[in-house]
Amino acid sequence: MPKLYSSEQIVKTLEREGFVFISQRGSHVKYRKAGSLTLTVIVPAGRKQIPRGTFRSILRQAGLDESAFGRG
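First residue of the sequence shown? That's 120 in the numbering used here, and the numbers climb one at a time after it.
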């Protein structure tokens, strides 16, 4: 079974990759790549495990691959 990531792990990786907090509405947090107006990622907040499909959607939005989560 593939590893499931928490919201906290995803946010730490996004911040390491240059994303900055923009806003939060309810349980969803918005991050944007510094210096970019188009690269925006929405992350569910406070989750211990993000479902695999949601995680893949976050990767697509961020333009990252899963290897970014293996570092640090």
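If you're looking for bench data, these hints aren't it; they were derived computationally from the structure.
Treat the hints with care, as some may be off.
[Claimed, not checked] Each computed BS3-like pair below joins lysine-lysine, with the alpha-carbon atoms no more than 27 Å apart: (1) LYS122 <-> LYS152; (2) LYS131 <-> LYS149; (3) LYS149 <-> LYS122; (4) LYS152 <-> LYS131; (5) LYS167 <-> LYS149; (6) LYS131 <-> LYS167; (7) LYS152 <-> LYS167; (8) LYS122 <-> LYS167.
Check the hint pairing LYS152 with LYS131 against an upper bound of 27 Å on the C-alpha distance. 13 Å, holds
Holds or violated: LYS167 with LYS149, Cα cutoff 27 Å? 18 Å, holds
Please work out if LYS131 and LYS167 have their alpha carbons no farther apart than 27 Å. Answer holds: LYS131 to LYS167 is near 14 Å, not above 27 Å.
Take the C-alpha atoms of LYS152 and LYS167, compute the straight-line distance between them, and say whether it is at most 27 Å. Given that 27 Å is the threshold and the Cα spacing comes to 24 Å, the pair holds.
Would the pair LYS149 and LYS122 pass a check requiring their Cα atoms to be no farther apart than 27 Å? 23 Å, holds
Pair hint LYS122 and LYS152, alpha-carbon separation not exceeding 27 Å: 25 Å, holds
Run the distance test for LYS131 versus LYS149: straight-line Cα separation, threshold 27 Å. Since the Cα atoms of LYS131 and LYS149 sit roughly 13 Å apart, the hinted pair holds (cutoff 27 Å).
For LYS122 and LYS167, compute the direct alpha-carbon distance and say whether it is at most 27 Å. The given pair, whose Cα atoms are some 12 Å apart, holds under the 27 Å limit.
When the structure is compared with the earlier hints, no violation turns up for any of them.
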